[in-house]
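2 protein chains.
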Amino acid sequence: MNGIGAHEVIIESPDHNATLAALPQQAMEEVLWAYRDRMEDLKKDRRFHYTLIFKNEGLAAGATLEHTHSQLIALPIVPIQVQEELDGCKRHYDLKERCIFCDIIRQEIQSGSRVVFESSLFIALAPYAPRFPFETWIMPKQHMSCYASATNEEYRDLAALLQNVLRRIDQALSYPPYNYIIHTSPLREENNDYYHWHIELMPKLKNVAGFEWGSGFYINPTPPEEAAKFLRDIKL
Amino acid sequence: MNGIGAHEVIIESPDHNATLAALPQQAMEEVLWAYRDRMEDLKKDRRFHYTLIFKNEGLAAGATLEHTHSQLIALPIVPIQVQEELDGCKRHYDLKERCIFCDIIRQEIQSGSRVVFESSLFIALAPYAPRFPFETWIMPKQHMSCYASATNEEYRDLAALLQNVLRRIDQALSYPPYNYIIHTSPLREENNDYYHWHIELMPKLKNVAGFEWGSGFYINPTPPEEAAKFLRDIKL
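Line by line, the protein sequences give chains A and B. To convert, count from 1 in the first sequence and add 86; that's my numbering. To convert, count from 1 in the second sequence and add 86; that's my numbering.
Calculated from the structure, these hints are not laboratory results. Heads up, some of the hints might be wrong.
[Claimed, not checked] Beyond 12 Å from chain B on every Cβ pair, some chain A residues (computed):
1. Asp123
2. Thr150
3. Cys175
4. Cys188
[As the list claims (entries may be wrong)] Incomplete in silico selection of chain B near chain A, CB under 10 Å:
5. Glu98
6. Ser99
7. Tyr136
8. Gln167
9. Ile268
10. Val294
11. Ala295
[To be verified] Okay, derived cross-link-like pairs now, SDA-like style, lysine to any residue, Cα gap no bigger than 20 Å in a straight line:
12. Lys292(A) - Asp180(B)
13. Lys292(A) - Arg122(B)
14. Lys176(B) - His229(B)
15. Lys315(B) - Glu298(B)
16. Lys129(B) - Lys176(B)
17. Lys292(A) - His229(B)
18. Lys315(B) - Arg217(B)
19. Lys130(B) - Val95(B)
20. Lys292(A) - Pro307(B)
21. Lys292(A) - Lys315(B)
22. Lys130(B) - Leu291(A)
23. Lys292(A) - Lys227(B)
24. Lys129(B) - Gly144(A)
25. Lys292(B) - Leu151(A)
26. Lys292(B) - Pro262(A)
27. Lys292(A) - Lys129(B)
28. Lys129(A) - Leu291(A)
29. Lys292(A) - Asn88(B)
30. Lys129(B) - Asn293(A)
31. Lys292(A) - Lys130(B)
32. Lys292(B) - Asn278(A)
33. Lys292(B) - Asn293(A)
34. Lys292(A) - Glu239(B)
35. Lys292(B) - Lys129(A)
36. Lys292(B) - His153(A)
37. Lys227(B) - Lys292(B)
Beta carbons: idealized from backbone N, C-alpha and C, even for Gly.
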């Protein structure tokens with residue numbers, strides 16, 4: 087392994103006081119395209135095996151710059167957390183010959199109790215066992231393993247849905263600090279049947295403490311069905 | 087697995103304004119004995135497989151009570167983080183027939199550059215690859231897998247060393263919030279050759295953000311040799 091990487095900051099707006107949730111939809115779409123274009127460009131460097139894209143909003147979520155931005159870190163290895171998720175998906179696929187996220191989406195749409203919002207191409211839901219109150223996952227409804235292979239139409243749909251969800255969270259929780267992370271397949275393993283790219287969005291409402299650090303378990307007092315209902319019922 | 091557990095709060099002093107670092111040494115010893123006694127008592131309940139003891143000091147470290155306290159959570163399973171550490175130690179032991187922590191202690195005493203403080207029975211050091219600035223591990227120098235099997239003399243020595251380290255951290259970093267966690271062997275697997283109980287102490291100087299959540303990797307700008315030297319050079 088080479089000790090090599092790249093770190094890029096994606097400035098989401100020229101306006102110092104803008105927030106991602108309140109950008110014009112066209113600007114949100116451009117942010118999503120910037121993610122994609124930087125991923126595709128960095129992929130040309132064969133030393134990189136993963137590009138991690140994430141956003142820290144607010145001091146408690148680790149943001150050290152005020153101006154609205156996201157970050158990209160290209161890594162010479164697949165990060166351990168990503169690898170564990172890939173391995174879990176692979177095990178499910180080997181057993182069932184189906185993508186686990188496709189299974190989850192089907193089940194959640196059927197039950198409805200954890201769905202936050204659904205558009206024609208994407209779904210936002212509270213996962214069955216969230217680590218954090220109001221943790222929300224956003225997924226393409228059709229199977230797709232790589233963020234960068236989405237279409238024009240998909241980025242447009244996602245821009246609208248992501249802003250819709252962020253605005254619900256802002257209203258429900260009074261503009262909380264949050265992190266989101268794009269979970270996508272490793273570079274040059276883009277198209278596979280077992281992994282399904284998605285965004286994990288985590289409002290930062292409390293501090294992670296000794297129990298979580300010591301156990302790897304997360305204490306979450308808010309059931310996902312309640313969080314989803316609360317977000318669903320927000321009037322935008 | 088039963089959905090059963092226990093959660094206890096260990097109140098470290100009757101004085102509302104006391105801090106653990108500044109308690110009389112006798113009181114610190116009593117806290118260590120309270121940890122041990124509660125561990126031993128909860129062990130009698132065969133449904134519990136692990137007792138996790140930790141301290142959150144300060145709001146940013148997750149403390150929701152101001153009065154100085156630690157916590158114990160008894161669990162019906164061995165937590166995933168603990169199991170991963172046990173598995174790693176077991177692999178090293180199977181390969182070398184030596185405890186990995188005994189190996190680390192021998193190596194660190196020899197090199198000296200990451201040692202924070204050494205007493206007759208315990209050592210405090212900055213680990214080779216710390217996740218956080220000023221992360222410090224405290225270990226018995228003799229092999230011992232279970233916190234609860236320490237002797238009178240060992241608890242006395244540990245009380246003095248732990249307070250010594252906490253005071254150095256308080257002076258160096260202006261009374262930072264911190265977490266510490268006792269890493270010990272699972273209940274009823276107390277005595278083994280491959281695991282070595284220890285305390286992991288982590289000042290909370292910055293927020294964990296998207297990169298850490300997404301990758302499982304930790305960005306730490308402070309080399310352990312610098313942190314150890316800084317703490318070593320503090321005049322108490």
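Inset, instruction - Identify every previously stated hint that the structure contradicts and give their numbers, smallest first. - result: 2, 5, 6, 12, 13, 15, 16, 17, 20, 21, 22, 23, 24, 27, 28, 29, 30, 31, 32, 34, 35 and 37
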